[in-house]
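There are 2 protein chains.
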Amino acid sequence: MASDERADLRKIPGGVLASRGFRASGVSAGIKIAEGQLDIGLLVADAPCAAAGMFTTNLIQAAPVRYSRQVVERGSARAVVVNSGNANACTGSRGDHDAAVMAVAVEQTGQAPATEVLVASTGIIGQRLPMENVKSGIARAAAALGNTPEHDEQFARAIMTTDTKCKRAAFTFQLAGATCRLGGACKGSGMIAPNMATMLAFITTDAAIRPKALQPALRRAVERSFNRITVDGHTSTNDTVFILASGGAGNRELAADDDEKLVFQQALDAGCCSLAGQIVADGEGATRVVEIEVKGAASSIDALAAARAIANSPLVKAAVNGGDPNWGRVVSAAGYSGARLDPGRVELLINGLPACQHGRPAKPPQAKLAEQMAREHVKFTLDLGVGETSETVWTCDLSRDYVAINADYHT
Amino acid sequence: MASDERADLRKIPGGVLASRGFRASGVSAGIKIAEGQLDIGLLVADAPCAAAGMFTTNLIQAAPVRYSRQVVERGSARAVVVNSGNANACTGSRGDHDAAVMAVAVEQTGQAPATEVLVASTGIIGQRLPMENVKSGIARAAAALGNTPEHDEQFARAIMTTDTKCKRAAFTFQLAGATCRLGGACKGSGMIAPNMATMLAFITTDAAIRPKALQPALRRAVERSFNRITVDGHTSTNDTVFILASGGAGNRELAADDDEKLVFQQALDAGCCSLAGQIVADGEGATRVVEIEVKGAASSIDALAAARAIANSPLVKAAVNGGDPNWGRVVSAAGYSGARLDPGRVELLINGLPACQHGRPAKPPQAKLAEQMAREHVKFTLDLGVGETSETVWTCDLSRDYVAINADYHT
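One line per chain: the protein sequences are A and B, in this order.
When we follow my numbering, the leftmost residue of the first sequence carries the number 651, and every step to the right adds one.
When we follow my numbering, the leftmost residue of the second sequence carries the number 651, and every step to the right adds one.
Hints were generated in silico from the structure; no laboratory data involved.
Be a bit skeptical, because a hint or two may be false.
Stated by the list, open to error - Where chain B lies over chain A, by a calculated footprint (3+ residues, C-beta under 8 Å): (1) 709 to 717; (2) 727 to 741; (3) 764 to 777; (4) 904 to 910; (5) 974 to 988; (6) 1047 to 1054.
Note that beta-carbon positions come from the ideal geometry of N, C-alpha and C, so glycine has one too.
Let the sequences and hints guide you as you build the complete structure.
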């Protein structure tokens, strides 16, 4: 998840409030079982923003996804309201009503009209939201809005479920002479798979950019970041990435055909990649990050298919957990992925050390391979031996704790 | 995995030696690390048999798979030699040579010409077989051949890797007035996925049947049994199912267009289904068997895609492990499977109890659903609400022990 420096990208502290023109809050509304945990987040812009969004590809889509899709289509939004602890998914027409009521509750606080409120939810599937708690929570969240570092962190904490870490990223970049900012917060730990996952990400920028330019930029950034990570191959019903662009930086507004758009794309890519990397590193029960680069593929589709088969193989992930250089599991996962490969030319490096060459064992000391497999960051570089294309996917290991978290999770 | 009774199928004890005309043995050759464990199995027919085989669909195929494919193409075989502890996969041309040497070693014992010896291996990928051990083991296995119940069991034990149970099945059936037998042994616990897995199955029958009738019968039986199970979605490099038909029962030899073939098919289906069911029940770390019936699908491909997505979801499997009726995970797995479904008409039963109706929560007491999820056999019946087709797939739960077994497995 490399970022380019041509945009003069600089990492800065904070999340959604790193951009000018936003306020945020996080409050406890009693949706989560554990008392006092933050579970309602509210993000409000000082003025209407250009807005874009990307949503789950799951055919079973949560009510807030259906609601927010309509808002995004209009290209403009002013607020995001999000709850954790309940996904409002598989809840039928009542769920649709509840998602709309969340937007109306924001309107009733005077912060934004309901048609300009994006809604997101994450948590258990198949239970109705406790709407009295949600409504009073939204009122309190509106009263608590602010733009201090504490507000930034409270919003990021309010969207967490099984996450163990608060995930934020922010950058400054130079765009047409103006200094712009881009910041975001995200959550996601389990039910994480290609084409997004139970992951929510909220990104702000104070760059001025038209909605018609913002949506394709977001699509491209998501494709290279959130769609390249997997924890367990299970695509969620609630995946959502929103971006709000306030224009507060004062740059000339970017249009879809603008050359300067590349600079903005670099900043957005960097933000999304940083957030996606934080999700994988905090995957449920994860102890290591695994980077899988597949090269020598006949096509991008093949390279991604092989990389994802490896990333989703419980056998590969358990081997990484055990620090065991069991490279046969990696190569055989590529073999059943559907990607074309030449069994006699397949090569695998583990953190740069050859494990398999010409489809046969390489000859590094086993102890050296084991040493690499026990590092915090394990990189597999697999050459399929048939083409020139490469793609990279990130995942984490599979630990006993993943099972414990998901076997003992309360419904 | 129901079997039909029209063939007058009767379950009998034993495995590969249930059929007349075979001898078997299992010996310890020092291929496995643990001393004294059986790791060479030998099965020999008194006379040449009609033979058929099915092999892994993984593009990375082990040397014994390449070797045995040629033998099967000739339609006739007289012996099977198999080792556990080493898969002889990703071993290049030396591996091909070693597989051929195993067949030659059987020929040298005088039991069968090398061209009539089927070879199979299972175990670690990417290491050369210790051929001196293998050759002396084969010689001892030939000397130890016999047809007692002990020989039957020793053969079945010699093919085990992480299996905790010896897996065998045998039936008698009536074919054109003759009493025939069909018996088999198999192994498989991890690296088990659709299109076969690190699973080996060896089936014998004393029915007389032509090779041209035997191969399609085996293909059909495998499609309905071994290709409908999954433990971890990881398709192995070594999957193999062999059948040898001795003709010792004295029935009129079955041809490909024979009406009586249906009776034989029923017996073969029953044998394969029994063995496949034993693999799932003994999946690595498994505590429960999960049966997933998807109905109301637009096509068989859709029904299987949905059933397999559910069966391979670590989140679903961990929920089953915890006895947690987290049905949202089941429904959402179907949602990302690629199968067509109607979100408003989706229905899910857990052991016959409605959990989700019309895409919304049903209203059974949560305690009753939890009770069903804690049973040894959990059946999900999912209606996609768009068609008339149904398919069933079997899997097991995902436990902390699965991770322990595969993180600590030695390379």
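Looking at the structure, which of the earlier hints fail to hold? 4
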